[in-house]
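Residue strings, one per chain:
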Amino acid sequence: MYKMSEYAFIAAIMATGLALLLYLAYALSGLRAARMQTAGTGARTGILAFAAGPRTAALGRYATILGWLGFAFLSAWLVFRTIATGHGPFANMYEFSVSFAWGILGAYYWFEHRYHQRILGLFALPVALALMFYATTIPSEVEPLVPALQNNLLLSVHVAVAIVAYGSFTIAAAAALLYLIQPEGGRWGLPKPEVLDEIGYKAIVVGFPFLTAVIVLGAIWADVAWGRYWSWDPKETASLVTWLIYGAYLHARVVRNWRGRKSAYLLLVGFGATLFTYFGNLWFGGLHSYSGLG
Amino acid sequence: MTQQARTGRLPGDAPPAPAQADRRAGLGIDSLLEGAWDLLTSMKFGVIVILILAGLGLLGSVIIQAPAGVAADPAAMNDWLAEIAPKIVPGVEFIQGIPVVGALMPTIRYGDVSGLFQTLQLYTIFDSIWFRSLAAVLTASLVACSSHRLPGLWKSATKPHVAIGEAFFTHAPQHEFISVKGSSEEIQGRVGKVLKKHHYRVVSEDDGVVHLYGDKFRWGPFGTVIGHLSLVVILAGAIVGSMFGFRDNGFVVAEGSTVPVATDDGISVELIQFQDAYYTDTGAPADYASDVVVYQDGTEVAHQTVRVNEPLRYGGLSFYQSFYGPAAAMSVAGTDGTALFEDGVPLAWSDGDSGRRVGTFLIPGSGLTVWVIGTAGTGDTVVAPGQMRVEVYQSDGTPVAGETIDQGDTVEVAGYDFTFHREMQFTGLSVSRDPGTPLVWLGSGLMIAGFVLVLMFPHRRIWGRLVTRPGGRGTLSLAGAGRRDVGSNTEFTDLVTEIRAAFTTPTGA
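Respectively, the protein sequence lines represent chains W and F.
In terms of the numbering used here, the first sequence has 568 at position 119, counting the first letter as 1, and numbering is strictly consecutive.
In terms of the numbering used here, the second sequence has 166 at position 163, counting the first letter as 1, and numbering is strictly consecutive.
Please keep in mind that the hints were generated in silico from the structure rather than gathered at the bench.
Take the hints with a grain of salt, since some may be wrong.
[Unchecked claim] For each label pair, taking beta carbons as the anchor points, the in silico distance ranges come out as: (1) W:Ala507 x F:Asp41: 31 to 41 Å; (2) F:Asp210 x W:Ser524: 55 to 65 Å; (3) W:Ile587 x F:His174: 51 to 61 Å; (4) F:Val296 x W:Met450: 40 to 50 Å.
Yeah, the Cβ is synthetic: ideal placement off N, Cα and C, and Gly gets one too.
Produce the complete structure using the sequences and hints provided.
In structure tokens form, the structure reads like this:
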């Protein structure tokens, strides 16, 4: 099973990498077609329509198929690795990183399916791919669990819920980035700001309750294993910071002058906090030191 | 954070804030209170407070925090500060590890910032005046917001504004006009059927013009109130816990010993045996297990193997596996042979410089304190493995005598016969009683429920206005509340499409 999981992981990297190339080709082809179209009409000032000609559309379809394939391979990795280790594959930095990538792809494809904004893939897939590459650089052996992690139910649920939240936050950040690189009103045939705002919001609508659940489940586990539900452990604190930032976002989004760009910035800050929470235990120590990276 | 605020001022929403003129009318306590109220109910203010709290939290996760109990004791705090000196800011500790982080903070050194950090309470951020007052302000703000919003939410859910003026249908962010045919009842029936199919509640009023109103998830916005007030519940739990709770994170028992818990209810704990196991291939710890018996007034009331993920809970107290270490089975007798002390002594401290483990006990009735010092390992020439050193001090700290004892030997020290029977282990448990925990769990559950409710079940509303003219023709105006929420836009357009279709298909009946 371990071997199978390794093969699935490699296949997932290749599929996702190819998918990313196709997303790039899709974007370039669409932009080029759009430029040619406007050049023909002489209209250079208006909003470009991202021209999805047959070629572009085909590229986009293939990109999606390959990305789905990557997601499918990662899902296979998840299953094989779970069987090989006997718990959700969330016990060290390697397992958590690959699972994080899985969460990003899952969240991305949910949003692509719902909103058909393939350009987002150009921002979401690199994050997933980077996590997978990062995972290849750290030890991937199946290690038996240290006493603190010997709680299969809570380990699996606590981290699985975190992965959904982190995946959603990645999509929200991708949408925010796309929002922010456009001038007011939208340009370059990129997805409309309102749509991006909506995607970002919807990602947080999913991610925020999930992050809340991560923290609550963590508190329950802490109460069982460490003897107190909250100990201001650095990772705990960082997750609380992340939670506060997304909480601020949800409020800022309904304040008259803070809609749009300011809220989008908060999504980026929130994603920064997410990454800090994720990687933080590598250097700030604390009770969550299970990375397996010494 | 709610749908309400996002939809702006729509029919049925909370009444607008009192006019500016009223507020500026008088100076004094009233206007001060009103100003405070306005501030506390301002979303902007809330966002700013949340972001500052987040900033403090970030500092708290970057700057190493003093362990609980240390900050209250100046001597302990100084020791701790000296100990953390090299790693106060991660940049310093990790210059070798992560050069980037180090490079970002090349100038920060312990000596430069420690005093400042201490003054600003940065080592105890979560007990600091900053954090506490901000948390208090935030709590006040969310209580104020919730009570400010509740009447409007209640009204919008129970007594929706059904009869709306004509202007609304041309100014609403989403609106459509449909030409309809048939009697008023027939038209209402068809529209109602479509809405009900989508699980909308339909209300109508007739004041010459027929007003229609449909909504679903009308309780969704109450999730806001639940979500916000749940934070107050959690906070209350934390306060109850810190006021009425009990906690001992350093409860040590040697094998074979029985130690009373420092609560007044006559509970004591005996350690039968402690076992630590390691994975043979990696050497990583596999298990820490304390076989523990709990006594209430001398009667056994619980017996369990306490593991890291398996605490023992009895009578509101919880016992957690926390740490462990060596212990020495010692006995002391007077020179006349009367046994004065016989127990396992946990070597629960460690002497920083030598690396030796240290434990202590009192000789009953003598006023003497005994320090028991274990070996630092094979290279230790003072206390070799298999030996235990005993040092006797008077209560004022004056040394009396000291000897190193081989296992199984009896040696006279300071006029007493000390026997070192054997080395064994002690377990370190965390013992706690936290009566606030149920509140914390209740608040957590409410929080998740509230967030799911408000975020995933936004209040959907649609208004209709039906004007029929003689001859069975009429105009149905429809308006929705969605503005920026594209999801709600499609919901509205879908409904309109279906209602339109209901009027284009031939009348079956």
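Quick rundown of the hints versus the structure:
| no. | hint | verdict |
| --- | --- | --- |
| 1 | W:Ala507 x F:Asp41: 31 to 41 Å | violated, 57 Å |
| 2 | F:Asp210 x W:Ser524: 55 to 65 Å | holds, 59 Å |
| 3 | W:Ile587 x F:His174: 51 to 61 Å | holds, 58 Å |
| 4 | F:Val296 x W:Met450: 40 to 50 Å | holds, 42 Å |
In terms of the numbered hints stated before, the structure departs from hint 1 and from no other.
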